[in-house]
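Trainee: Sequence:
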Amino acid sequence: MPTDVHGQHHAGSLGLFDDDAENDNAIARAERHEHDHLESVIRRHKRREKRQFRKDQKAAERAAQGKSKLPWPISWVGKLFGGGKDLSPDAGRVPESARSEYVIVRRPETPEPVYTGEDVDPVDSPWLRECGMVRVKSDDPGGCHIVPKSVIQKNQ
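Numbering (the working numbering), first residue to last: 10 to 165.
None of these hints come from the bench; they were simulated from the model.
Just so you know, not all the hints are guaranteed correct.
Cβ-Cβ distance ranges computed for the label pairs, FRET-style [claimed, not checked]: (1) Ile113 - Gln61: 46 to 54 Å; (2) Asp149 - Leu89: 53 to 61 Å; (3) Arg71 - Glu43: 14 to 22 Å; (4) His54 - Ile113: 37 to 45 Å; (5) Asp130 - Ser109: 49 to 57 Å; (6) Glu48 - His15: 48 to 56 Å; (7) His54 - Lys76: 28 to 36 Å; (8) Phe62 - Glu40: 31 to 39 Å.
In this text the structure is predicted, and so the values were computed from the model without any measurement.
Glycine included, C-beta positions come from ideal geometry on N, C-alpha and C.
Turn these sequences into a full structure, and let the hints guide you.
Mentor: Shown next, in the form of structure tokens:
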């Protein structure tokens, strides 16, 4: 039975006006499409097999010639910087006495200023209250800092 592109049956082909020739054409068309699809799959497989065969053959030729398996830009850079030399396990090593030692030196951090309850500026700000912050007096320009409540030390 003939169908449209989406596989839906044609409205005119159902019921009273079914035509045997139309049904035969639809079946032949479906078989032709399936046949074409299978032929394209076979061609694709043949191309892939041929490509893989050429790749394997080329790799075997390169191995027989003693060339590296690396692609040309990497092998070219290796040759340029001495990658083609025979290297013994100790060839590129620097002796222990010639090595420079590195020591990580950490810079001291500046200590955080200590704020007490007396430094807190009594400002009623809903924003600071919701954020869990307080305003403290300081000698810096502006005269204050906004800091978390958790850094305020209790008065002894």
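Trainee: Confirm or reject each hint.
Mentor: So, going through the hints one by one against the coordinates:
Taking the beta carbon of each, Ile113 and Gln61 are about 52 Å apart, inside 46 to 54 Å as hinted. For Asp149 and Leu89, the Cβ-Cβ distance of about 58 Å falls inside the hinted range of 53 to 61 Å, so the restraint holds. In this structure the supplied range 14 to 22 Å is violated for Arg71 paired with Glu43, their Cβ-Cβ distance being about 42 Å. Range check, His54 to Ile113: Cβ separation about 59 Å, and the 37 to 45 Å hint is violated.
Checking the proposed 49 to 57 Å range against Asp130 and Ser109 shows it holds: the Cβ atoms sit about 53 Å from each other. Checked against the given bound of 48 to 56 Å, the beta carbons of Glu48 and His15, roughly 24 Å apart, lie outside it. Restraint check, His54 to Lys76: a C-beta distance of roughly 30 Å satisfies the suggested window 28 to 36 Å. Our hint of 31 to 39 Å for Phe62 and Glu40 holds, since their Cβ atoms are close to 33 Å apart.
In the structure shown, a violation is registered for the earlier hints numbered 3, 4 and 6, in ascending order.
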